[in-house]
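Can you build the whole structure from these sequences, using the hints too?
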Amino acid sequence: MDISKHARKFTEHDRQCIVDIIIEKGDTRKVKEEADKLFKCCRGSIQNIWNTYKNEGRIKPSYSKGVQKTFKKSDRLIIKNIAVGDPFLRNRLIAHRYYLLTGKLVSLRTITRILKEFE
Numbered sequence: 004m005d006i007s008k009h010a011r012k013f014t015e016h017d018r019q020c021i022v023d024i025i026i027e028k029g030d031t032r033k034v035k036e037e038a039d040k041l042f043k044c045c046r047g048s049i050q051n052i053w054n055t056y057k058n059e060g061r062i063k064p065s066y067s068k069g070v071q072k073t074f075k076k077s078d079r080l081i082i083k084n085i086a087v088g089d090p091f092l093r094n095r096l097i098a099h100r101y102y103l104l105t106g107k108l109v110s111l112r113t114i115t116r117i118l119k120e121f122e
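Numbering (the numbering used here), first residue to last: 4 to 122.
It is possible that part of the hints are untrue.
What the hints assert, rightly or not - Listed below are the simulated DSSO-like cross-link pairs for lysine-lysine, each with C-alpha atoms no more than 27 Å apart in a straight line: (1) Lys119 to Lys83; (2) Lys83 to Lys107; (3) Lys119 to Lys107; (4) Lys107 to Lys76; (5) Lys119 to Lys76.
No lab work stands behind these hints: they were computed from the structure.
This one's a predicted model, so the numbers in the text were calculated from it and none came from an experiment.
What follows is the structure, encoded as structure tokens:
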């Protein structure tokens, strides 16, 4: 069954809720549980929420398109802090969280490069 037909549009408020959950909980499992509770009416899971972003054109399926080329020091620190907060995060999840926090896209290669700089 295709849920997307029945799901309501993903609003700015929803995005803010997820950001708040991530900041407050920090733990990915908790984020997923909380998001599931919050967004039953919208999508039902982080993966589906992620798909909603893509479907609404907010995120290109390929990270390489539309990625900002220059990074300010603050951007680098945000990425470093996300990684330090949860050392088991894969680059794709770091990119996801970075997007949720800043609204900016980042390539996976850039994340790898930035994390190497801080090692």
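Now the hints, each set against the structure:
1. Lys119 to Lys83: holds (10 Å)
2. Lys83 to Lys107: Given pair lysine 83, lysine 107 holds - Cα atoms ~15 Å apart, limit 27 Å.
3. Lys119 to Lys107: holds (21 Å)
4. Lys107 to Lys76: Roughly 14 Å separates the two Cα atoms, so the pair holds.
5. Lys119 to Lys76: Given that 27 Å is the threshold and the Cα spacing comes to 15 Å, the pair holds.
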